[in-house]
Each structure stands twice: as structure tokens, then as C-alpha cells.
Amino acid sequence: MKNLSEQKGTDRRRFLKYGAGVVVVAAAAAAGYYALQPAPGPPTPTTTAATTLPPTPTTTAPPPPPAPVTINAYYPAHNNWLASDAVLNPFTQKTGIKVNAIVDSFFVIHDKLASTFASGVYAYDACYAWGAWMSEFLEFFQPLDALGLEVPSDLKDDLIPWTRIAPTFKGRWYGLPNAFWVMLLHTNKKMFDEAGLEVPTSWDKFLETCEALKKKFGRDGVYPFAAGFQQGYLFPHYCAFLHGNGGSLWANDAKRTVTCDSKEAIAAVEDMITLYDNYMDPGAIEWIAGVQSGKAFYTEKAAMTLYYPWHSIVATKYYNLTTVAALWPGKKTRSGSGSAAEAMAIPKTAKYPKEAFELMKYNASADIDVGKPLAADDKYESTWPIRKSSYDDPRLANLVYPGFVKLVREQASYRCTRYERPAYQKINDIIEAEIVNALKKVKTAEGAMKDAADLIKPIVDDEYAKYGGGYEDPWDTMPH
Amino acid sequence: MVSSRAARKRKQLLAAILGFGFMLIVLLPFLWMLLASFQPEADLITLPPFPFRSTTLYLDNYQIALSYKPFTNAILTSIAVALVTTGLVMSAGALGAYALARLRFRGRETIFKSIMVIYMLPGLAMLIPLVIVMKILGLLDSIPGLIMAHTVYILPLMTWFLVGIFEGVPIEIEEAAQIDGRSKMGALRRVIIPLSISGFFLITVFCFVLSWNELMFAKVVGIFRVKMLQPAIFEFLSPTSVTYSTLAAASMISSLPVVLLAIILQRYIIAGILKGAVK
Amino acid sequence: MIAVFIVFPLVYSLYLTFNSFSLRDLVPTFVGLGNYFKTAQDKLFIAALTQTTYFTLLTMLTGIPLAIGLALVLNEDFPGRTLARVCLLIPWAMPPITVAIMFSYILNTSFGVVNFLLRSLGLTATSITFFGDPNLALNSLVLINLWKITPLYAIIFLSALQNIPSEVVESAKVYGANAVRRFTTVTLPYLRPTVVVIAILSGLLSLQVFDIIISITNGGPGFKTYMLYFYAYKVTFDWLDAGYGATVSYIVTAISVIFALLILRYRRTR
Chain A
1 MKNLSEQKGT
11 DRRRFLKYGA
21 GVVVVAAAAA
31 AGYYALQPAP
41 GPPTPTTTAA
51 TTLPPTPTTT
61 APPPPPAPVT
71 INAYYPAHNN
81 WLASDAVLNP
91 FTQKTGIKVN
101 AIVDSFFVIH
111 DKLASTFASG
121 VYAYDACYAW
131 GAWMSEFLEF
141 FQPLDALGLE
151 VPSDLKDDLI
161 PWTRIAPTFK
171 GRWYGLPNAF
181 WVMLLHTNKK
191 MFDEAGLEVP
201 TSWDKFLETC
211 EALKKKFGRD
221 GVYPFAAGFQ
231 QGYLFPHYCA
241 FLHGNGGSLW
251 ANDAKRTVTC
261 DSKEAIAAVE
271 DMITLYDNYM
281 DPGAIEWIAG
291 VQSGKAFYTE
301 KAAMTLYYPW
311 HSIVATKYYN
321 LTTVAALWPG
331 KKTRSGSGSA
341 AEAMAIPKTA
351 KYPKEAFELM
361 KYNASADIDV
371 GKPLAADDKY
381 ESTWPIRKSS
391 YDDPRLANLV
401 YPGFVKLVRE
411 QASYRCTRYE
421 RPAYQKINDI
431 IEAEIVNALK
441 KVKTAEGAMK
451 DAADLIKPIV
461 DDEYAKYGGG
471 YEDPWDTMPH
Chain B
1001 MVSSRAARKR
1011 KQLLAAILGF
1021 GFMLIVLLPF
1031 LWMLLASFQP
1041 EADLITLPPF
1051 PFRSTTLYLD
1061 NYQIALSYKP
1071 FTNAILTSIA
1081 VALVTTGLVM
1091 SAGALGAYAL
1101 ARLRFRGRET
1111 IFKSIMVIYM
1121 LPGLAMLIPL
1131 VIVMKILGLL
1141 DSIPGLIMAH
1151 TVYILPLMTW
1161 FLVGIFEGVP
1171 IEIEEAAQID
1181 GRSKMGALRR
1191 VIIPLSISGF
1201 FLITVFCFVL
1211 SWNELMFAKV
1221 VGIFRVKMLQ
1231 PAIFEFLSPT
1241 SVTYSTLAAA
1251 SMISSLPVVL
1261 LAIILQRYII
1271 AGILKGAVK
Chain C
2001 MIAVFIVFPL
2011 VYSLYLTFNS
2021 FSLRDLVPTF
2031 VGLGNYFKTA
2041 QDKLFIAALT
2051 QTTYFTLLTM
2061 LTGIPLAIGL
2071 ALVLNEDFPG
2081 RTLARVCLLI
2091 PWAMPPITVA
2101 IMFSYILNTS
2111 FGVVNFLLRS
2121 LGLTATSITF
2131 FGDPNLALNS
2141 LVLINLWKIT
2151 PLYAIIFLSA
2161 LQNIPSEVVE
2171 SAKVYGANAV
2181 RRFTTVTLPY
2191 LRPTVVVIAI
2201 LSGLLSLQVF
2211 DIIISITNGG
2221 PGFKTYMLYF
2231 YAYKVTFDWL
2241 DAGYGATVSY
2251 IVTAISVIFA
2261 LLILRYRRTR
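Protein sequences appear in the order of chains A, B and C. Letter 278 of the first sequence, counting from 1, is numbered 278 in the working numbering, and no numbers are missing. Letter 106 of the second sequence, counting from 1, is numbered 1106 in the working numbering, and no numbers are missing. Letter 132 of the third sequence, counting from 1, is numbered 2132 in the working numbering, and no numbers are missing.
It should be emphasised that the hints constitute simulated quantities derived from the structure, not laboratory data. It is possible that some hints are incorrect.
Stated by the list, open to error - Partial list, computed: chain A residues near chain C (C-beta under 10 Å):
#1 D281
#2 P402
#3 P422
#4 K441
Unchecked claim - Distance condition first, Cα-Cα at most 27 Å in a straight line; then the derived DSS-like pairs of lysine-lysine:
#5 K1069/B / K351/A
#6 K2038/C / K255/A
#7 K1009/B / K2173/C
#8 K466/A / K2173/C
#9 K1069/B / K112/A
#10 K450/A / K2173/C
#11 K94/A / K216/A
#12 K2173/C / K457/A
#13 K2038/C / K457/A
#14 K1069/B / K98/A
#15 K443/A / K2173/C
Positions of the beta carbon are idealized from the N, C-alpha and C atoms, including for glycine.
Chain A on its own, in the form it takes in the complex:
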């Protein structure tokens, strides 16, 4: 028997030996496994063809064609038509560039981008960029001019001005837009006819219409108006009410101070409360905007809804409803729906920026642009054109009903913005939370928005210290 101290020593050595052994084995296993993985990412273009050619006189042998490049392109699920074979195959045929399309639901994209960018791995060559997030993730994208790329001037002139906000920051381009949305008021024609009503064109008429619809259809489960007011999704609606009241998201000072406690903002929230209390399903506070409110509209549990144009497409194509859409009847102006534009931009970690730009130009080309709304069906959700000329294209003339497309174009000419600034998400979350407080009567509209303003003030100060403010408001700087 060994004595105690020797025993201790042996024990410790044993422990270390075993411990180290395990660690080594684990590391070896991991390394081996990792090494056996197929090489990730697209294959780099090889020139082995050239080097293995027999040494014939090179002056006569033509240079071998480069091996096909595959780029990674990141699409949101609601734009998945752009990721389909119908769109990508002709592109590959024309340019020889293969596209590996990655599609994700919009709800996961923000987190994905945050993780991907923070980790610095190569993931995308052409990456989804949304207007608000462009400013947030700005440091991870590269400007086109730094890559020696230029936006075609005919495209620039033809763009709906609002869409410029998506791939630009303070005037510098980082990619190209590929999707555009406005919100419209969608109405169920059958229900309106039954009640003998006309589509409202002013706020007072809108309230009267709601009242009449309530009287006529007010049995359990059927409401005049549907909208998704769940926290996390109600900001676009807030924008609609705000702009309709003649308000603005920020003041035109250098800091772009958030004016969520302005008269108009409070009025907007009060309008939302009026509708929620009297004319909407109480469950709407848990509805995801567009999803459940859309279902309510399609199944005729609501006569009107406010959301993007495809509600009318889906209602017509799949639910046999006849819809009549209209501009949002804001109190002060007909404008005020919340808009969004989406783009693709080139991350700093991209391997094939030039090829990515080719894809973006292709997505913005006239035919693809017109194809977007046409492609909406049960497989493709799709979006709306970014070119002014597309809205005059005869192929879209009878979409849903004649004049529908012109309506979308008209709504786009009214003031409708969100925040395109680095602290967008924070400001967004705070305002939404306070609006819910107001909707649920925890606070008054005024109290809630004032609290929001208090919470937002330090954020704006921080942001200004870092980025210098002065963010673009397209309605101030661009013709419509």
C-alpha cells in the first residue's frame, strides 16, 4: 500500500491523466468530424482546367470558361417568388451565375442577421435589407461606390422615391430595392352592398360606416373592422393613424427627435382606441397584423381591414370575395398608411459582390418587377413593384379589378414613412408597448405617449452622439 501522500500524488496524476485523456479524445473526435464535413460555402472558382492542359501553344488555345460561381442570396418568405426557379433559372442562363436562395420567415430574420453579422462568418452575397434595418446594421454592409458599382440611371429615375430608403443611408447606396408595400383599406363589397354603404373617403364617414356595419352585422364574432394590434406588429398601423392625422414621426431638427407625444400622435392613439373599443374584435390585441386580421377579413368576420395590397388578391383568388380597396381615410389627409420598402444589399463578408449586384439588377428589371404581384398565389406571397413604370404596365391593368394597381400607386404618393434610423428597433418596441398600455386602459393615450417620449429621449441622445442624426425623410427630399 502506498503511503498517503504518494497516494494523493498518484490520484492527482491519475485524475489529470484521465481528464486530459478525455479532453484529447473529444478534441480529436471533433477535429476528425469537422474535417470530414464537406467544405462549406460555394466552391471557389478554380483554374485547374488551365493548369492541367497539356503544354500546347497557348496562343491558339482559347481560355477555358471559368467554373460557374454560386452566390448565396437571402430572401424573406413573403418575397419567395424571387427565390423561385421561375425567376432564378433565367438569371442563371443569362449570366451563368448560380444562386443558392435562402428563405426565412420575416420573424426570424432580424435575429439571424444580428447573429450572423456579429459572428463575422461568410453567409450571404446578396442579403435582405429592410429600410429600418439598413441603418441598424449599417456597419456590416459595403457601399456600392466602394465596390466600384453604380446604380443604373434609368432605374434610379424610374424608382418610386420611397423605395430609395431601403438600400441607402444618408444618400449612399448599398444595394438595390426589390420590394415595396403600401397599406390600403380593404372592404368587403358584398357586406357593404347588403348594408347599403359606400366606401368611406373621410374619417367621419369611416366612423359612420363602422357604426352602420355594427348595427347590421353586429352578431357575435362579426365586426366592422379588423387589424392586428399585437405588440410587435402594430407599428405600421400606428404610422397609418399618425400620418392620417397629419402628424410626423420625428421633428426636422438635427437629432430627428421622436415626436411621439405630439398632438397628432396622441390623436392617432386615441383613434386606435376608439376603433378597438367599439368596432373590433377584442382578441385583436393578440392578432399578428395581417395574419389573423387577414383571416378575419377572408372569412367575413370583418367587413374592413387595413393592410398591404395582397389581402385583396388573396381574398379574390382564394376566398371568392369581391373587395373594393381605398386610400386610408385619415382625418387630415387621405394618406397615412404605413409603408415599407425592402432591398438587397451586399454584406462586408460577401465573396462575390459583383455577381450579387447582377442579381439585384435583375430583380429590379421591368419584367421581374411586373411579375411580382402577378405571382401571388398559395405558393408565392410576393410583393409589389418598385418602378413607377410598372404600375402602368398593361399586364397589371386588371389585377384584382381595373384600377386597383393605380390605387396602390396613388397611395404611394402620400406621406408614409417609418423610422429609418439606427435605433429603430428600440424606438419601435417602446412605442408599441405604450400603445398597448393605452389600448388596454392601463394608461391614457396622452399618458402613454408621454411616457414613451420620456423613455425614448435618452435613446435618441445616444444615437445622435454616435451617428450625428440628420436621417433622410423621403417626403422632404424627393419628388413623389
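With chain A's structure known, arrange chains B and C on it following the hints.
Leaving out everything else, chains B and C in the frame of chain A:
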């Protein structure tokens, strides 16, 4: 005595009722989702809820969920990660726990305490630095990286449990085995583990379940090429359709392995816990 | 290697808390203790702290008695006991997201079965927004948490119950004490150590509630379901402020460590 037997019967009946009530509370939500996964979407979002109408079996939801390539990939990835993690954690943990339980050396108490403390750390505190470390090592967004992350996350807790279990094995038996000529390592394999098999089993299952259910690391480390199951379920939400039917099917698929594990191994698990594996 | 994976992140996290570090530019700028001071003034942080405390206390105060009751029931021999014991494991085994989806569907305002039953039976006039009502949301989350972990605690209490020497119980019966008396004078003292451990454990686990929040309410309505750990995640990944997020998670860590030391100290003194 007659009265005590009647009292006993009454007590049994009361216990049976309460026990049955408890079972209902636990099982009902689960069964509800199970049934929901076999209904078409339209039936799920209208009133009255589906069991109050005629129920038909609708298998398409599972077909849709399983034909969604990223989802099936995610399942396979999760299986792989969970299995390898369990293997790694159990081996390393067993050895480490054995050393801590049996061997005496300087710093034992400190290591023990620090393991405890490490377990207590919320994963988030380690997340970003871990991500940076992995980026340097090139392990990010890879299966080995995920395995490493999960191992690091689960190992401390498992070691702590295993120490408790091993300490429960009488030392005399082990010494007897050693006199028989076995080395310490042999003693571990042949004597201790078989004696504490139920506790050991429990911890193994626990480890698998923890890895399978884990969300935060899976979401952050598995970014682009590698998808894990729990974050993948989020992807059934898209702006135009929150289809509860496919969500239900996907949820059922994702809980299938762990629930099956729990049911099949319940004897060992409960025996393990009852034996005081969790002190 | 473990050291690399554990120690370095720890130290680096600590370093981060003293910086303002944005996930955007990945360049730390030193702000000293500024981040910590920020938490004292941050209304959202205070809300998260209060709500986490409320959540923890409520879970503890309702969960432990429930678990004890459950354990008592399952200690008796009745037909189907094994089946009931199996059921104990299911809530704990299920992935949190599945649990979240399950409950968000059942408690759904528009078509959830609970609301349907409540209205059909005439108990309420309109549907209850379980997760949309600022006063109810946190309590609904507590409910889900209870569903998930009470069975697990019950198992632990069950093992404690079975460790009570039967002679003591028998002698109490002989002395003519009725069931309630027996429970309070005999069983409870034996259970007390377990209760303490479970209480502390429950506190620890409640601090780390995350999955159900992010799947159902995402912090809403208002800021009512913001809890500390969730807040740290939101700050870090949604608002890209990694320095402040690390600060919050370190505070959570500190609290956790206190709990952990409590458990250690308690075990030591037994």
C-alpha cells in the same frame, strides 16, 4: 380494525380521484395539441373548437411539416448534437465526478464550488464571448461548434449530479473491487456505475433532454448552415400564415423523442430520483 | 479546453460590462461603471426586476404547496399510480417552445378552448385575453411555468416523503393523531429541508425564464412580461447593445450566485 380499513379505502379513493385529476391536467393540453395536429387549419381557428364537432383524421399537416427540408434537416442536426453531447458529457462528467467524489487532492473543494457557480451562470452571459472564441477557432455555425457549446453548457450541472450519485455508492464495495486487483478505472466501470445505474441513466436522459430542448445557444450559434430544431419551429410562422395546424404537427414531432424517452425510461428515472440522486 | 470555453467568456463578459459595446461596430469603448449606473435609472430594468421578483415569489408560493400535495397523493397506493407517475415527467420533458405554442393556442382569445368553455358555461361574457391583458399576462406565464415544473418538484418531494422513517409515522398513528395532525407534526418537519432547497432552486430557475416569454408575449403587453434574463437578451440581440446586455446578465448572474451559495451553505449545515 374495520374502521381503519374503511378509512384506508376512503383515502385510496380520494387519492385516486386527485391523482386522476392531476393526470388530466397534465395530459389534456398535450392531447389537445395532438388532436389539433390532425385537423386542417380551418377547423382549428373557428368556434366551436374541433372536438365538439365531428373529428376526422387529417394527415397532411405532418406531411407538410416533414416535407419542409430545413425542418427535417433541423431534426437530424438536433439528434446528432444531442447524442454526441450526451456521450461527451457523460464520459467527461463521469470521470470528473469520480475524481471529485473519490480522490483527494488539493483544490478539490474549490473546483467543486466553481463547477457549481459555473452552472449557475445564465447562458447569455457567456454567449457573446463564446461566439467570439468560436469564431476565432472557426467553429461557429458548425455542428462541432454546437456540440461544444452544449457540452459547456450542460457539463457542470451533470458533473454536480454525478458527484452526488457516486458519493452514494458505499466505498467498501469499491475498495473490495480494488483488492481484487482492479485499477481505479476498472472500479469505476465495473462497480460504481452498475451500482448507480438508475441514477446514471437518469442523468443521461436529463442530458439528452437538456440538449434537445435548448433554444438560446441553438439560435445564436447555429446561424446559417446549421439549423437546430427548436429555432426551426419559429420558422413556421410567416407573415401571411400562422398555420396552427402545421405548428401543432411540428411541435408534436419535436416533443416526440423526449416524451417517448420519458415514458420508456420512466421506471429508471423515477427510481433514480427516488433513490436520492437529486439531493 | 474547458477553461478556454468557460473562463475566457466569463472574463470577457465582465470586461464588456464596463464598456459600451455595440454589436453593430464590434468595437468596445470604455465607459467604466457607466453601464451599472444606467441600470439604476433604467425604467425598463426596474420593471424587469420587479416582475421577475413577482414571478419568482408567485411560482414559489403556489408551486411548492401544490407539489407537496401532489407528492402526498402519489405516495398513496391507488390503481393507476404508475401511470400518474409517468405523467409527472411529461411536462418537464417537453420542449419549452412546444409548451408555449400549446398554451398560446389553448388560451387563445378568439378560438381557444378555455375561452370557449368559459363563455359557454356562462362564466364570462367576453373572451379573456390571457396574454393581451396587462394584468393577466404575467400570471398566465406563471401558470404555464407551474404546469411545467410542479410535477418535477413533486417527484423530489415524493422521494423525500419516502425517506421518512415509517416507524415515526406508525407511532404517530398509534398515538391517535388524525391525518392533518400527522401531517403538520410529523411529515412537515421532515420535508422542511427539501422545501428550502426547492424554494431556492425555484428562485434560480425563475431567473432564467426565457423560452416562454420569447415565444408568446415577447415582453408585452406594454412591458409587463419583461423579465431580467429576457431583457438581457433583448438588449443584446434586438437592440444590439452588447455591453449593456452583458451588464444585465451579470446582475442576473450575481443574484444566481447568491442563490447557489445559499444552497451550498444550507447543505453544509445539515
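Is it true that the CA of K443/A sits at most 27 Å from the CA of K2173/C? violated, 58 Å
Is the straight-line distance between the alpha-carbon of K94/A and that of K216/A 27 Å or less? violated, 57 Å
Can D281/A be said to touch chain C, with a Cβ gap under 10 Å? Hint on D281/A: holds, closest Cβ of chain C at ~7 Å, below 10 Å.
Do the alpha carbons of K2173/C and K457/A lie within 27 Å of each other, as the hint requires? violated, 69 Å
Given the proposed pairing of K1069/B with K112/A, does the C-alpha separation stay at or below 27 Å? holds, 18 Å
Check the hint pairing K2038/C with K457/A against an upper bound of 27 Å on the C-alpha distance. Holds, at about 14 Å.
Quickly compare the C-alpha distance for K1009/B and K2173/C to 27 Å and report which way the hint goes. holds, 17 Å
Given pair status - K98/A, K1069/B, alpha carbons within 27 Å: holds, 20 Å
Grab the minimum C-beta distance from K441/A to chain C and call the hint holds if it beats 10 Å, violated otherwise. OK, holds: K441/A within 10 Å of chain C, min 9 Å.
Residue hint P402/A, partner chain C, criterion CB-CB below 10 Å: violated, 35 Å
Satisfaction of hint between K351/A and K1069/B, Cα-Cα up to 27 Å: holds, 26 Å
Do the alpha carbons of K2038/C and K255/A lie within 27 Å of each other, as the hint requires? Measuring from Cα to Cα gives roughly 22 Å; hence the hint holds.
In summary, the numbered hints that this structure violates are 2, 8, 10, 11, 12, 15.
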